[in-house]
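Trainee: Combine the two chains into a complex, taking the hints into account.
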Amino acid sequence: MLLGQIGGLIVKLAFLSALVGAFFYYRVHRDRSNRWLSFARSGYHLATLSLMTSSAIFLYLILTHQFQYTYIWNYSSTDLPLSLLISTFYAGQEGSFTLWALYTSVIGVFLMQYAAKNDYEPEVMSVYSLILGFLLLMLVVKNPFTFIWDSFPNDLLQTGAVPAGISNYVVLDAAKNLWARFPVEGKGLNPLLQNYWMVIHPQILFIGFSSMAVPYAHAVAGLMKRDYNSWIRVATPWSVFGAMVLGTGIILGGYWAYETLGWGGFWGWDPVENSSLVPWLLCVASIHTTLTQRKSGAFVKTNFVLSLLTFITVLYSTFLTRSGVLGDTSVHSFVDPGNWVYWLLLGCIAVFSSIGFGLLFSRMKEMPRVPVEHSFVSREFALFLGAFALSFMALFVVVGTSSPIITTILKGKASAVEIMYYVQTNLPLGIGITFLSGLGQLLWWRHSKTGSLLKSMVIPVLLALATTVLVILMGWEEFEILLFAFCSAFSLFANLQVGYGIYRGNPKFVGGSIAHIGIAIMCLGFITSERYDDKATVSLERNKPVEALGYTLMYTGYRPMERDRFAFDIEVVKGEIKRTVAPSMHFSEQSTLRHPDLINFINKDFYVSPVSVEQPSGPEVKSFTLLKNAEAEVAGFNVRFLDFDFDAFERGAMLEGKNFVINVELQVLEGKKKQPLTLKMINTGSGPEFTSATYVAADRRSYEFTLVRIIPDREDKGKSMMEFTVKLPEDPGAARKGETLVVEASIKPLINLVWVGTVTLIVGFALTIVRRAEEARMQSEKWRQE
Amino acid sequence: MKMKVVVGLAVVVVGIILGAVNFLESNVEYMDFTGAERTSKKAQVKGAWVREEAIAFDAERVKFSFSMKDDNNRVVRVVLDGAKPNNFELAESIVVKGRFVGEEFHATDVLTKCPSKYDGDADAVRKTL
Chain V
390 MLLGQIGGLI VKLAFLSALV GAFFYYRVHR DRSNRWLSFA RSGYHLATLS
440 LMTSSAIFLY LILTHQFQYT YIWNYSSTDL PLSLLISTFY AGQEGSFTLW
490 ALYTSVIGVF LMQYAAKNDY EPEVMSVYSL ILGFLLLMLV VKNPFTFIWD
540 SFPNDLLQTG AVPAGISNYV VLDAAKNLWA RFPVEGKGLN PLLQNYWMVI
590 HPQILFIGFS SMAVPYAHAV AGLMKRDYNS WIRVATPWSV FGAMVLGTGI
640 ILGGYWAYET LGWGGFWGWD PVENSSLVPW LLCVASIHTT LTQRKSGAFV
690 KTNFVLSLLT FITVLYSTFL TRSGVLGDTS VHSFVDPGNW VYWLLLGCIA
740 VFSSIGFGLL FSRMKEMPRV PVEHSFVSRE FALFLGAFAL SFMALFVVVG
790 TSSPIITTIL KGKASAVEIM YYVQTNLPLG IGITFLSGLG QLLWWRHSKT
840 GSLLKSMVIP VLLALATTVL VILMGWEEFE ILLFAFCSAF SLFANLQVGY
890 GIYRGNPKFV GGSIAHIGIA IMCLGFITSE RYDDKATVSL ERNKPVEALG
940 YTLMYTGYRP MERDRFAFDI EVVKGEIKRT VAPSMHFSEQ STLRHPDLIN
990 FINKDFYVSP VSVEQPSGPE VKSFTLLKNA EAEVAGFNVR FLDFDFDAFE
1040 RGAMLEGKNF VINVELQVLE GKKKQPLTLK MINTGSGPEF TSATYVAADR
1090 RSYEFTLVRI IPDREDKGKS MMEFTVKLPE DPGAARKGET LVVEASIKPL
1140 INLVWVGTVT LIVGFALTIV RRAEEARMQS EKWRQE
Chain A
1240 MKMKVVVGLA VVVVGIILGA VNFLESNVEY MDFTGAERTS KKAQVKGAWV
1290 REEAIAFDAE RVKFSFSMKD DNNRVVRVVL DGAKPNNFEL AESIVVKGRF
1340 VGEEFHATDV LTKCPSKYDG DADAVRKTL
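Sequence order for the protein chains is V and A. Counting from 390, one number per residue, gives the positions in the first sequence under this note's numbering. Counting from 1240, one number per residue, gives the positions in the second sequence under this note's numbering.
One chain only, chain A, in its complex shape (with noise of 0.2 Å):
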């Protein structure tokens, strides 16, 4: 019995320790461009998309290139692994995870925050009647 209640709590200590390690690992911590430039981690960066300077798409290679500026003002180009997200364009703000390769952010990832739905809505009833 006593040999059980041990390697049952072994068991679980073993878990619990894998389940933390991963948790804490996979979750990518946020920071600004300079902290990002400085960690070798896979970070992640809020901030907003520089209308003024070109996005463009390489077909080829399908990677989506964007200016974002952080928001401590610096302005980094931002290439993401794949086509242009969705609501890119309506986006207030963006979440970009990934890292640097030089001086580009090379993101896995690209989460664009929309605005309230309650506006848009309002506008739709207009719209609608």
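Just chain V, with the same shape it has in the complex (with noise of 0.2 Å):
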């Protein structure tokens, strides 16, 4: 048996086991005994064991260059990296989706550990099981072992004896003398994954993906248990958790984006990055609304929702980016993978929306109804309103991401939204969230006096109108923009006045005011280098400098890097600074791929990405093909094709195999003007050669003719035929170019900013975390108590 196969059989057991597991959660929820526990336990275990000796036994083949196996002939080859060959696992589909199930089998053991101690086990794993069940489910129909010749059977498989000299075969069944043959090589892994990016972004992504299932598990825990408020506490520390990781994925993403692929910003609103957005802002939105709940009890449902949807959304979203169902319509290729994915995709939303919202509806009606009491000067009206944008953006987002299915639906024809919905849509929204993150800090839980809350907005106001100026003051902008860049502005000293005055008191809870103030000053680095960068597109021909932007560029030449891979170094000066830049293009049969390169200055970035090179071009030939006296236009005059002169003397001479001559008689005829013009062949022991002639134009320019070669026709000499060339004069007016390199150079200000930024919120949920798994493990101390 092949290794693949134990593989294939593994995967499949794992699957099993996740299901008993998630059935005897369910009977120790239903008995409430613990008979069961110790076999649902074992029938998680098993599953997390045998999905982690199968992902080895993959990353072994894959180590090995085992090309029997179509995934790894797909995605990878010999000439890799080991770093690279290791993150081939999940180039594809079938990896991918195994390394989601392989973080999301590892998460599940810490996750058990922790439910066991806050009394949620049995509801939290029976869920969670059927989650990993699921994921499982779709590596045993997309099986990441698949043979080779089972994907190209007419190719591959052979009967009859085995050839000499052929040893990359496997025998198939002896008694039928059935074999294959398979791959030496793989077809190598796409050039625009080939970089470190390859090797953490997509590992932070998926344990992101991962996490998110945490809050969704709780939040039907909590309707199984008919706990409709302490949940919150259990599942808080995971949310924020998932938030920030998956919210760091997308920012490296959105860096990778920047950085390597060139697509000139973090943001292209592309269906990838969109679908890791939605699950992210309904996560940040749950997490804001679970603190009403704590404080006044408000908001049951709307946290049942949220939570659902966050999961729901990032299957809806592997669904958008993994069935195909969004065709040609982006720019990222979806690759179709058949219709089982596509089904079985479109079944596991089903099922999870169905689980999740059948019990909530079930349910509503012994839920606790909380009247609400707040004002509207109240940080629950204010989170309340937050949260809410943060929905309707995910909803922009989704339905703009969905568009080629909505249009298919509505006009029969897909097509994308531009990015202008985006903005469009996001922009007031992002006006709003912006400026309710710096207001929600200012506020106190269910009323505040108008009076204090105007005091508490003086500085921050004042702060943020003198931002607002030194924007205004980098250019003018659209008024929706430079309100956006007060709202963040307000934000960023709001969230400031207040986290000091909470470190003051408790340093342990300022997480929150530490992650506003992180994604204050993301926006405002979106503001200066998205709307303020400036950009040029340059021309540069080799060793001439060009000034554009401010700066002196020089393109200097190329210089191979790995395979079909140039750098193009630029030089590039202003006053003191002496840089060198050097975007890379790389060329295939298919395609040319571009990857910029940048100068990151303290205040700004300098962003350069090629858009083509050209060769230097030389004067215009034009080539002819006379028959005896024929004629020809040329360029404002006509020459005619007279006759060979090849005479008596000459025949002897090539009778003696002595050089001989043979002379075309041509005649120019440009107006009335006729002149004769005489092309050569010498024929010599080495070969012929051919002279040129010059005719000097009325216009007194200058047109080459060169004889190219004798045709000439032994039965009937009237047909015989000769071909010349004539090189055209120069344009005085276009100079001769050299080689050229076109790049597209821009300007990208305060840049930093987002990177300041993202680093800030991460710390702002770092801290968040840990203040929220202790109160989560204080309430399960109260609980046990009790």
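Everything labelled a hint here was simulated from the structure, so no lab data went into it. Even for Gly, the Cβ is constructed at its ideal location relative to N, Cα and C. Take these hints with a grain of salt, some might be off.
Which bits of chain V does chain A cover? Going by a derived footprint, with three or more residues having C-beta under 8 Å, they are [unchecked claim]:
(1) 484–497
(2) 781–789
(3) 1143–1150
Pulled a few chain V residues facing chain A out of the computed Cβ check, cut under 10 Å [claimed, not checked]:
(4) 777
(5) 806
(6) 952
(7) 954
(8) 1048
Mentor: Okay, structure coming up:
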């Protein structure tokens, strides 16, 4: 048995064990007895262990270049360095599902212990095991261990004796003489993915995706236990963890697109980007609405809905980007994975939506109704509006990303929305969210006195106005953008003010303020780098300095990098600064891949992305083939081919084997002027040589005629032909150009704010996790004492 | 309480209208060249590259131009803002997004649709044996 077949079997075992785990956890819940608990736990652990084993086998097969497997042949090759070779594990669909399932299973091991401590294990784990089961079902259907001869039977399956000299074959059935050849080299990893981002970014993103299942499992567990309040405390640390990791993954993806893929900016509203943004927005919204429920008990249903949706949008996003439903409407190429994955993912969405929302509806009546007692001027209301805006943002992004589906239904033809759609729908919401994230911090729970609120707003508003003035000094922009800048700055200063106060009281509680500060700084960075950027398309002739965007650029030549990739060195000079950028291009049969390069200054990035490289073009040369007495128009004058001149003397020389000459007599006709022109073919022992002759036209420009060949016709001399070229004079207006590199250069002011904001946001999330985890621990201790 | 419901509903309605209008406006409609010539809006045209006619790249202005035949066999010169799109030579069909300027179609985007991956893969398998 081949190792891959064992791997495939182990995946099936993992799938069954996960279902066993889910089933017995459910029995523990239903019977309210721990009789089956150890059985359920073993089921889950066996699933995890099996999945780890099959992943290890898969990795081993990749590292040893076993191209008998379609997946490995498809995505890897023998020339990849170790880190990239490992990353081919998740370069394709089957592998990335494996990685997703693997992280889900590992997170579940920790979740099990956590849930046991909080008295939530049977419910949370029954749901969670079911989720793991569905992910594993995907792998059962789309087996990563598929043999290449099963994918390409016509080309690889053979019967009869194996010819001598072939070593890359496997005998499949000795009795039937059935055997298969397999490749000795793989197709290799997409060059766009060949960098360190590929090693880290998908991993972080999938940890984020996996952890989004935890709030869902807790919400369903809460419904199962008829516990409509305390599940929130148990779930929150995980929601914040998921938001932190997924958020980091999203921003890293943006940085990857900016730095390596050359999308020009860090966000392109691409379906793949959008599909991770939507669950993140909903998760962040739920973190905010649960705060209100902790305080006043309101928003019970909202919190269930948001936590359920967080995971369901993960599934929906996966459906959009993995089922091939978006087709050709995006720059990302979506491989058509076949009907199975399509229906399985749809089934997955249906199952987990009906479990979650079905339970929610059936429990709706018995849920506590908490009258809303807060006023307009309260933190609750600000939180509500903020979460509402975040959800709306998620909705707009979902609708935009689903545009090809919606337009297929409405118009019968799929089309994607323009980027403007996302900007115009999200900008007003962004303004609202940043404003509320500052205002909410200044408000008290239940009700704030307007006077005290206004007083606390004075300093942040003044500082925000000052910041807006600074932004306006960079240049005028449309009103909405300036308002966005004002609100972002307001949020920044309000949170700094409040955060400082909290820090002096209890430093552990400062996470929220810090996360808001991070978001506000990021938003300011978005505005400056995207709206105040300066762009120019520059043609750089080799070794000739060109002024652009206040810098002097000089293209100094190219050098080969790995494979078909070339780096183009450009010197960038401004005053004292002298640096080199080297954008690169990868040329292959199908396409040209363009990689930008940048110089990161403290206050801006100088960003250069290559467009094309033009080789020097010489003067135009025209070619003619003429019969005797035929005429052709060259450029404002005609040329007639009169005859060959091959006299008796030359014939004699030819017969004696000496050098001989054949003259070609031409006649140039310009206006009324007629001028003879003779081209020669000199035959020497080493082959013919052709001479040129120059004609100076009436406009005094020179045309160079060169004989190319003589095509004699021995039977009918009248049909003999000759071919010649005419080099046209160069246009004096267009000076001849050397090798020219065309680049798009841009300056992105204060883009570092985006990265500083990101780090700040992550720190804020991390502090919040610590705080909420402690809170959950205290709650469980309290229960135990009771 | 009632006041809040009204405010909330108003916000929702405004939001949905804002979204719907933007959605419809930014969804560029498919048509043929003749239709695209008539409308003042941005249009999407599907067709195929006419290989017999020259392609050109203007390095100064960064414009790539080629001739495209739409489904009704009308041939129009397309000028793209940018360099030659990826997979251009391989593309079975091309979708251009933009609008007419005089006789030419000025495209902001060109999407290339490539032949199914499977055929290419069978070839690739034979090459790596």
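Trainee: Each hint needs a verdict: does it hold in this structure or not?
Mentor: Taking the hints in turn, this is what the structure says about them:
no., hint, in the structure
1, 484–497, "violated (count 0)"
2, 781–789, "holds (count 5)"
3, 1143–1150, "violated (count 0)"
4, 777, "8 Å, holds"
5, 806, "5 Å, holds"
6, 952, "16 Å, violated"
7, 954, "15 Å, violated"
8, 1048, "43 Å, violated"
The structure is inconsistent with the numbered hints 1, 3, 6, 7 and 8, although it conforms to all the rest.
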